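Assemble the complex: chain A is given as a structure, and chain B must be docked to it using the hints.
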Amino acid sequence: MRILVVEDDKDVAGFVVKGLREAGHVVEHTANGRDGLFLAASEQFDAIVLDRMLPGGVDGLRLLETLRSQGNATPVMFLSALAQVDDRVRGLKAGGDDYMTKPFAFAELLARVEALTRRGKSEGPATKLAVGDLEMDLLSRSVKRAGQKVDLQPREFRLLEYLMRHAGQVVTRTMLLEGVWDYHFDPQTNVIDVHVSRLRQKVDKPFATPLIHTVRNAGYMLRVEAP
Amino acid sequence: MTDAPGERPGEAWRPAPRPDGGASSFFSQAGVRFGMIYACLFGASSLALAAFLWWSTAGLLDRQNEAAIQVDTQGLVDRLAEGGLPALIDTIEQRIAGNIDDDSVYLLVDSGLKRLAGNLDRWPTSVPADFEWTDLRIDRGGLKALARVHHEELAGGMHLLVGRDVESRVQLRGIVADAMLWAAVIAVLLGTVGAMAVRGLFRATLADISATAAAVSAGDLGRRVKVTGHSDEFDVLAETINDMLDRIARLMDGVRQVSNAIAHDLRTPITRARMRLEDAATTARSEADLRQAIERAQSDLDGIVAVFQALLRIAEIEAGSRRSAFTQVDVAPLLSDLAELYEAAAEETGQTLVARIPPHAMVFGDRDMIQQAIANLLDNAMKFSPPQGVIRLSAQAAAGAIEIVVADDGPGIPQQDRERATERFFRGESARSTPGSGLGLALVQAVAMLHGGVLRLEDNAPGLKAVVHLPAADPATGPQVPE
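Listed in order, the protein sequences are those of chains A and B.
If you read the first sequence in the working numbering, its first letter stands for residue 2, the second for the next number, and so on.
If you read the second sequence in the working numbering, its first letter stands for residue 64, the second for the next number, and so on.
In case anyone wonders, no lab produced these hints; they're calculated from the structure.
As the structure is a computational prediction, the values presented were derived from the model and not from experiment.
Just so you know, nobody snuck in bad clues.
Computed list of lysine-lysine pairs in DSBU-like fashion (alpha-carbon distance at most 35 angstroms, straight line): (1) A/K94 to A/K19; (2) A/K206 to B/K446; (3) A/K129 to A/K203; (4) A/K94 to A/K129; (5) B/K446 to A/K103; (6) A/K150 to A/K206; (7) A/K129 to A/K206; (8) A/K203 to B/K446; (9) A/K145 to A/K203.
Taking CB as the label site, the calculated pair distances span: (10) A/S198 to B/G499: 20 to 26 angstroms; (11) A/K94 to B/M512: 26 to 32 angstroms; (12) B/D522 to A/E23: 53 to 59 angstroms; (13) B/S384 to A/L40: 30 to 36 angstroms; (14) A/A106 to B/V299: 54 to 60 angstroms; (15) A/A106 to B/S384: 25 to 31 angstroms; (16) B/A395 to A/L40: 47 to 53 angstroms.
A virtual CB, placed ideally from N, CA and C, is assigned to each residue, including glycine.
Just chain A, same shape as in the assembly (with noise of 0.2 angstroms):
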């Protein structure tokens, strides 16, 4: 994927730009506003990663801002040390597709950024989700493994269906719990780890092959073969 990293700091971009790297996608980037958009809006990208401070005359909100009314739907991903949620929400209505504060885990924001690229292209509208021998069927909200029926719970449904939309993807426990049940803050408690257990009890352990993967560090990946 092409992704364009617009952060001024020399150190957050330089381990930002490494990593994205060398989780094998194209990075280009630039440590100004001005230059920001004149890439962003001259060039195709799958995802942008943005500061909102930025030098250079256009910060990050009057960046997306501007882009946004040129019909441009880049995914952007915003980066920014502001943190409170007014912030957040003003991120959100300026068009932003997601918000992460700094500091932050390079793991959690590889995963969301990969996320927000897959968004765009597979979130039609689709009936049926299928990986490998699993399969569902978002209308009669049923769920099959290997031709075998499996009884899941609707919160478990859901959180199999995420899972499933975003497979072959890292998907972290912040982004469960803000895409499965729409939370905004992190428990103490490992809620999410006990939930992920519950659904591999039912999809998982009466068949031969895991489909649901932990990812050390970072979170969990649903494929077909182990990573």
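The following block gives chain B in isolation, referenced to the frame of chain A:
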């Protein structure tokens, strides 16, 4: 009265020096201004009183004179009708003779204006023959005087003048004018004294407020304005200022507490992370050792970041800026979702979560904040409950409020610690050994207070019962959220 209180040694109240100085700065003092206003009002009211006195005394005399003249005239006219001209002349002469004060004026003339009787020598030349009332300058025996006279035409072309010497009224006017002049002088004097008294009082009252404000801004936060006990406007002002100073002191205390807490509670994990890295840098023998040390230092840093975020979040909530985003929230499904989220985790550790939630419970507030607050309470309950413990989450309506209760059967919080349990970074004896930042309850308290509610910590015998009391949403009148 002087402005002595303003000259009390040591706490003299001085108006702030102004660059222009001189007279304009004197008149720009509020005390002087109030004094001048007082003097003006006093002078104006004195003048009004004098004018009224003048009008009522002089006017009364005039009206009395005219009435007497009219009666006199009527008597003489009647006399003429009864006894003819000789009787009239006789009566006039009797009246002149009987007039001890010598203030009456009579003149009877025939149709040729020739004098027939009376104490005037001749018909006054200065007046026409057909007037009814006039003021007449008369000269009687060398005495010049002013008279008010009435003219009556009699049968046979005769004219009768009846009048009263009103020289006394002129004198009265002089007396009243003098009196008013003196009164004006006295009014100015009294006004000045009064003005100075007002200014002095004003200064004396302001001196204390000013001295207190100066002391507070110089750093003495304990100073308070004296309340005189008269429960007047100045007392109300003093109490308001004292309330404000109390609140400032409390906020300052809070800030001091937080900075102390940051110094203590963040130093430890920072030190730990630093030592881990230093130790790894100098003594690690293998890459695996190094990696492990770095990972642990990383999780130490994550912990520090979490504490920072919690602190900032509490500060954000306490600042109250999110109140503008409040909406009607049904906490019932919110609590059911949380119960569902935590039930599984509780079962994992052998605990039981029992939820008793009504179908609807409307409050006016912020959904995310309430979620986070209740999640914090559930986190705490799970952390402190023993295995096999029972955690109860319930909600009920109570007199215009919704009470959300999280109860556990853990060690609870001892009575003496409950007050302080909601302070930032406070950790009870029994909580020292469990992981946590000591910010959880502080956040719950901040959320409750932002919603105009309270967090109550009660004894669940055994265990802790945390009650979040939130005012219920009233769709008719809107929420009663204090500013």
